[in-house]
Structures are given as structure tokens and as C-alpha cells.
Amino acid sequence: MTELSMKKNVSIQEQPEEERESVFEAQGVNLWYGQTQALHNIHLKQREQEVTAVIGPSGCGKSTYLKTLNRMVEMNPEVRISGNISYRGRNIFSRRFPVEELRTRVGMVFQKPNPFPKSVFENVAYGPKIHGIRDKQLLEQIVEESLKGAAIWEEVKDRLHENAFGLSGGQQQRLCIARCLAVEPDVILMDEPTSALDPKSTMKVEELVRELKETYSIMIVTHNMQQAARISDRTAFFLNGEVVECDTTDRIFSNPSDDRTEDYITGRFG
Amino acid sequence: MQMMDQEAVAKSLPRRIAINKIVRGLFLGSTLFGLVVLAVLLYDVISDSWGWLNWNFLTSVVSFDAAEAGVIGAITGTFWLMMITGPLTMIIGVATAVFIEEYVKEGRVRTFFETNISNLAGVPSIVFGLLGLTVFVRILGLGSVVLAGALTMSLLVLPIVIVSAQEALRAVPSYLREASYGMGATRWQMIRSVVLPAALPSILTGMILSMSRAIGETAPLIALGIPALLIPLPSSMFDSFTVLPVQIYYWTIDAALNDDLAALAAATIIVLLVMMFILNATAILVRNKFQKRL
Ligand SMILES: Nc1ncnc2c1ncn2[C@@H]1O[C@H](COP(=O)(O)OP(=O)(O)OP(=O)(O)O)[C@@H](O)[C@H]1O
Ligand SMILES: [Mg+2]
Numbered sequence: 001m002t003e004l005s006m007k008k009n010v011s012i013q014e015q016p017e018e019e020r021e022s023v024f025e026a027q028g029v030n031l032w033y034g035q036t037q038a039l040h041n042i043h044l045k046q047r048e049q050e051v052t053a054v055i056g057p058s059g060c061g062k063s064t065y066l067k068t069l070n071r072m073v074e075m076n077p078e079v080r081i082s083g084n085i086s087y088r089g090r091n092i093f094s095r096r097f098p099v100e101e102l103r104t105r106v107g108m109v110f111q112k113p114n115p116f117p118k119s120v121f122e123n124v125a126y127g128p129k130i131h132g133i134r135d136k137q138l139l140e141q142i143v144e145e146s147l148k149g150a151a152i153w154e155e156v157k158d159r160l161h162e163n164a165f166g167l168s169g170g171q172q173q174r175l176c177i178a179r180c181l182a183v184e185p186d187v188i189l190m191d192e193p194t195s196a197l198d199p200k201s202t203m204k205v206e207e208l209v210r211e212l213k214e215t216y217s218i219m220i221v222t223h224n225m226q227q228a229a230r231i232s233d234r235t236a237f238f239l240n241g242e243v244v245e246c247d248t249t250d251r252i253f254s255n256p257s258d259d260r261t262e263d264y265i266t267g268r269f270g
Numbered sequence: 001m002q003m004m005d006q007e008a009v010a011k012s013l014p015r016r017i018a019i020n021k022i023v024r025g026l027f028l029g030s031t032l033f034g035l036v037v038l039a040v041l042l043y044d045v046i047s048d049s050w051g052w053l054n055w056n057f058l059t060s061v062v063s064f065d066a067a068e069a070g071v072i073g074a075i076t077g078t079f080w081l082m083m084i085t086g087p088l089t090m091i092i093g094v095a096t097a098v099f100i101e102e103y104v105k106e107g108r109v110r111t112f113f114e115t116n117i118s119n120l121a122g123v124p125s126i127v128f129g130l131l132g133l134t135v136f137v138r139i140l141g142l143g144s145v146v147l148a149g150a151l152t153m154s155l156l157v158l159p160i161v162i163v164s165a166q167e168a169l170r171a172v173p174s175y176l177r178e179a180s181y182g183m184g185a186t187r188w189q190m191i192r193s194v195v196l197p198a199a200l201p202s203i204l205t206g207m208i209l210s211m212s213r214a215i216g217e218t219a220p221l222i223a224l225g226i227p228a229l230l231i232p233l234p235s236s237m238f239d240s241f242t243v244l245p246v247q248i249y250y251w252t253i254d255a256a257l258n259d260d261l262a263a264l265a266a267a268t269i270i271v272l273l274v275m276m277f278i279l280n281a282t283a284i285l286v287r288n289k290f291q292k293r294l
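Those sequence lines, one after another, are chains A and B. Under the numbering used here, read the first sequence as residues 1 to 270, first letter to last. Under the numbering used here, read the second sequence as residues 1 to 294, first letter to last.
In case anyone wonders, no lab produced these hints; they're calculated from the structure. No residue lacks a Cβ here, since even glycine has one placed at the ideal position from N, Cα and C. Careful: at least some of the hints might be erroneous.
[Claimed, not checked] For lysine-lysine, the following BS3-like pairs were computed, each having C-alpha atoms within a straight-line distance of at most 30 Å: (1) Lys129(A) to Lys157(A); (2) Lys136(A) to Lys289(B); (3) Lys200(A) to Lys136(A); (4) Lys289(B) to Lys118(A).
[Said to hold, decoys possible] FRET-style restraints, in silico, Cβ to Cβ: (5) Gln6(B) to Arg268(A): 34 to 44 Å; (6) Arg15(B) to Asp259(A): 55 to 65 Å; (7) Thr115(B) to Trp32(A): 52 to 62 Å.
[Unchecked claim] Pulled from the structure, derived: some chain A residues nowhere near chain B, Cβ distances all over 10 Å: (8) Arg47; (9) Pro57; (10) Thr104.
Let's have the full structure, built from the sequences with the hints guiding it.
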């Protein structure tokens with residue numbers, strides 16, 4: 001495990017962690033799907049310019065937690081939530097905080113690439129358009145910048161007006177990241193963004209995440225321990241709907257304080 | 001470990017292959033049955049109308065003299081009826097389906113809407129005719145005009161349009177909705193930019209079916225008191241009109257008096273079939289165009 005942590009970019013560790021401002025703060029969050037409780041008393045902070053990896057065995061509530069942060073989980077009418085989550089000091093469940101505003105600030109990249117059945121250009125321009133940008137030149141500029149930001153510009157610049165379904169899976173996923181960047185979010189939630197990708201595309205997305213954290217706060221769910229170690233600053237370990245441990249990635253992977261964390265990351269269960 | 005008796009497996013194989021072949025034969029037979037009946041029907045109608053279906057027939061108005069009679073009145077009337085019924089059912093039907101699918105939460109209210117609409121789809125068409133007679137012709141005092149016919153026909157096919165549009169909306173994958181919501185789209189923005197474009201081809205398929213139904217419906221229009229012998233052509237939606245199936249109906253009834261009328265009815269059937277075919281073909285072309293654009 002020490003090997004893994006060695007590979008990691010450790011520069012971020014030099015700053016005292018408390019200096020970074022927290023973006024999301026969850027306090028005592030419980031969530032039920034009907035009668036079954038999926039999240040138990042979650043306390044978790046997400047800070048600016050940091051990548052937080054969320055790890056844990058299948059069914060432990062990682063996706064549920066991510067979708068709680070941008071309130072997508074509530075699209076399921078069975079869902080009930082208690083507790084508090086604040087985004088930059090504002091209660092996300094408040095009536096005065098429209099979900100549309102929250103989701104504009106908090107972008108999401110899904111496990112399965114989900115481009116719209118439209119052209120590459122229209123996919124990226126979608127967000128700005130729904131937020132009222134009509135100026136063609138500005139849209140073109142946003143599309144180009146976003147595609148560059150997602151490291152896919154070179155591959156698609158000559159096929160901007162072709163259907164996005166014609167791209168490879170890895171390209172589609174980076175397109176979805178570009179689409180997300182186009183609305184200039186503050187936080188990006190990524191739910192296993194590389195699980196459907198080949199190693200090369202995975203590397204590209206990982207590089208991207210490392211670059212993006214200069215500007216964005218990122219929370220990424222992953223089943224790949226190496227990936228968590230490579231790209232994250234902090235790691236939260238979920239188990240049965242609880243956060244067992246959340247600490248710097250170095251500490252989680254070298255010297256976790258809970259035995260269950262150690263068992264999980266060394267592959268003894270999960 | 002060997003839990004399967006390989007010999008028994010091998011022995012059952014010929015039987016399974018035989019069943020597979022028999023089933024295929026049954027399906028083929030069913031398909032042929034429909035095709036054969038259709039072919040016989042077409043042959044019968046075409047041979048009955050042979051010599052009657054000419055340019056004069058298509059462009060003349062009805063007349064007591066069978067040799068002079070034509071169906072331009074019924075063609076115009078059918079055209080008028082479709083021009084109003086099509087857009088009306090499309091707008092109301094799709095709006096209703098969107099409301100039920102996208103705005104009403106799953107639960108009792110939704111089940112209530114859905115059950116009632118499915119039940120309406122099963123109501124005999126003559127009942128819609130009587131409803132139209134009472135409401136549009138009598139209470140609203142429209143008389144048996146194009147608008148009254150079109151409103152009645154719209155009521156008749158609306159349940160079909162709604163149910164098929166609902167199916168179409170339900171088939172839009174949830175990950176597309178999530179992608180849109182995830183970027184801060186409002187519900188209406190999501191519906192307009194994601195759900196409707198994706199569902200449009202299937203919605204149009206539903207429209208084709210319902211229009212084919214409307215173009216051939218006879219009973220409700222007869223209940224409305226649509227005349228068969230109509231000399232002036234309708235030129236607005238407040239004019240009297242007649243349609244092809246009603247024309248066929250009256251000529252078939254009168255065929256007992258005059259053999260030539262049977263031939264006229266057969267010729268009109270062909271006109272109706274051709275119109276239906278053109279309508280369907282156009283709709284399919286439009287649909288394919290949308291499908292490609294996606
Ligand atoms: N729509 C739903 N209805 C009922 N229960 C659900 C629903 N979605 C998730 N759950 C339950 O909530 C728990 C957490 O699910 P979640 O999808 O968050 O797990 P996960 O950690 O993301 O798993 P994976 O790694 O397999 O993606 C699971 O026990 C799951 O069965
Ligand atoms: Mg998940």
C-alpha cells in the first residue's frame with residue numbers, strides 16, 4: 001500500500017487541510033428508500049480544490065450519497081431524508097434554494113456515458129442553452145473551451161456536428177464531462193466514471209480529474225483502489241450506509257484507523 | 001460433477017428441434033392467413049369496381065345517375081375532417097400524456113386517469129357519435145358540420161393517441177432525463193429538449209394508427225346525421241360535409257336498388273384505401289426523418 005501512496009501527487013498535503021473552505025457539509029444524514037434505510041447518520045465534508053474518493057463495497061450507499069448531494073435521489077418518490085446538508089453555507093433542502101440552481105452549481109457525471117442523441121456540439125451547448133445563452137459565438141467558444149477542458153477537443157473538433165452516439169465509450173464519457181464543464185459548475189460529482197472504460201480511456205479521465213481539481217471540487221465514486229489512491233486527496237470509506245472512516249488518502253491507504261477499512265482496501269472483503 | 005444426464009439431453013434434442021420447426025410453421029401460417037384474406041378482399045373490390053374508377057369519378061360530385069356520380073365531395077370532406085382531427089388530437093393527446101406521465105406522481109390519481117382513459121378506448125364508436133350529436137350538434141348548435149364531426153372523431157381517437165403517447169414517453173430512457181436534470185434543467189426544459197424529441201417517432205406511430213382509424217370510422221358520423229347526397233363542397237369547418245366511409249355505406253345500402261351503386265361503393269373503397277395508404281406513407285416518412293435526425 002505504501003507503494004500506491006508514493007505514486008500520488010502529495011503536494012496538496014503541504015497545506016494544512018483546514019485552510020480549504022468546505023463546499024458541502026453533511027450532518028447526520030439518514031436516507032430511506034421506502035422502509036429500507038440506505039444512509040445512516042452521515043457526517044462528511046467536501047472541500048474546495050480537492051478530490052474526494054468514495055469507496056466501499058457494492059450496495060453500501062455511495063451512489064445514493066452522491067445523488068443526495070444534487071438532490072437527484074429525491075426523484076424517486078419513495079425516498080425520505082433526514083439531517084442536514086449545506087452547500088457553501090446554504091441548506092440544500094431549503095425552499096429558497098431551487099434544485100435547478102443547486103444542480104447548476106453541482107455537476108454530475110454518471111457511471112454509464114449518457115450523451116443526448118444529438119450532435120457533439122449540441123450536447124455541450126445544452127447546458128448553456130438551458131441557462132439562456134443564445135449568442136452563437138459565445139456558445140461556440142464555450143463548446144470549444146469545455147471540450148478542451150475535458151481533453152477531447154482534438155478528437156472531435158472535426159466532427160462537432162456528428163451524432164455523439166458515433167463516439168467511442170471513452171470519448172462519450174469525456175464528452176459528458178465536457179457537457180458538465182460547460183455550465184461552469186463549482187463541484188463535480190462523478191459516479192464510477194471509468195467503470196465502463198478501457199485502461200487507456202481510464203487514464204485519460206484520471207489525468208483530467210487531476211487537472212480539473214485546480215478549479216473544481218470533485219467527489220468521485222470508484223471501485224478501483226489504485227484509482228482512488230492515484231487521484232484523490234481524501235477518501236471516504238462507506239460500509240452498509242455508514243461512513244466508517246474519512247481521512248486523507250495517504251492515511252487511509254497506509255494507516256487506516258479502522259480494521260474494516262484495512263480489510264476492504266487490502267481486498268479481504270467487498 | 002455431472003448433474004445432467006448427457007444421454008437424456010441428447011435424446012430430447014430431436015424433439016426440441018421438431019417443436020421449434022412446428023412453431024415456426026404456425027407463425028408463418030397465421031401471417032399467411034391474414035395476407036390471403038387481404039388479397040382476396042382487394043381482388044374482390046378491384047374487380048367489382050373495374051371500369052368505374054376513373055378521373056371523372058374522382059372529380060365529380062355525387063349524382064343520382066350512377067354513370068355521372070363521383071366522390072370529390074367525400075374526398076374533400078374526409079380531407080377536412082383529417083385536417084382538424086389530426087392537429088387537435090396531436091396537441092391534446094400529447095399534452096395529456098405528458099401531464100400524466102411527467103407531472104402526476106405515481107399513485108392513485110395516476111391510476112385513476114389511466115384506467116379511465118383505457119376504458120374510453122374501449123367504448124363503442126357509436127356511443128361517441130351519440131355524444132357528439134348531443135353536445136356538438138344539439139347543445140352547442142353547430143349542426144352536422146365539419147367541426148362537429150371533427151370534434152366527435154377527436155374524442156373517439158384521443159384515448160388511442162394518449163395511450164400510445166404515454167407508451168412513447170415511458171420508453172425514453174431515464175438516463176437521458178437524469179442528464180438533463182443534472183445540469184439544472186427545469187422539468188419543462190427537460191421535457192421539451194429531451195423527452196419529446198426522443199418520443200416523437202413513437203408518438204407519430206400512434207398518430208398514424210389513430211388517423212387510420214378516424215379516416216375509416218362510419219358509425220359516429222352517421223349518428224351525427226351526415227348526409228350522403230351532398231352537392232356543394234365544404235369550404236369551411238362550419239359547412240356540411242360527407243366522408244368516404246359514409247358514402248360507401250349509403251351506396252352499399254342502395255345497391256339493392258341499383259347494381260351500379262355497388263360498383264361505385266367498391267370504387268370508393270379503393271379511393272379510401274389509397275388515401276389511407278398515402279397518409280400512412282407520409283407519416284412513416286416524417287417519422288423516419290425524425291428518427292434519423294436523432
Ligand atoms: N431505487 C431504489 N429503491 C430501493 N432501494 C434502493 C434503490 N436504489 C438503491 N437502493 C438500495 O440502497 C442501497 C445503496 O445503494 P447504492 O446504489 O447507493 O449503492 P452503491 O454503493 O452505489 O453500490 P454500487 O457500488 O453497486 O454502485 C442498496 O442496498 C440498494 O439496494
Ligand atoms: Mg453505485
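We went through each hint and held it up to the structure:
1. A distance of roughly 20 Å separates the Cα atoms of Lys129(A) and Lys157(A); the hinted pair therefore holds under the 30 Å criterion.
2. Between Lys136(A) and Lys289(B), the direct Cα distance comes to roughly 26 Å. Compliance with the 30 Å bound is thereby established for this hinted pair.
3. For the suggested pair Lys200(A) and Lys136(A), the alpha carbons sit about 34 Å apart, so the restraint of at most 30 Å is broken.
4. A hinted pair counts as satisfied when its Cα atoms are at most 30 Å apart, and Lys289(B) with Lys118(A) qualifies at roughly 14 Å.
5. Checked against the given bound of 34 to 44 Å, the beta carbons of Gln6(B) and Arg268(A), roughly 40 Å apart, stay inside it.
6. At roughly 58 Å, the beta-carbon separation of Arg15(B) and Asp259(A) lies within the given 55 to 65 Å, and the hint holds.
7. Distance hint check for Thr115(B) and Trp32(A): the Cβ-Cβ separation is about 30 Å, which falls outside the suggested range of 52 to 62 Å.
8. With a least CB separation of 22 Å from chain B, Arg47(A) remains clear of the 10 Å interface cut-off, as annotated.
9. With a least CB separation of 24 Å from chain B, Pro57(A) remains clear of the 10 Å interface cut-off, as annotated.
10. Against chain B, the non-interface label of Thr104(A) is violated: not every CB pair exceeds 10 Å, the least being about 4 Å.
Comparing the model with each numbered hint stated earlier shows that hints 3, 7, 10 do not hold.
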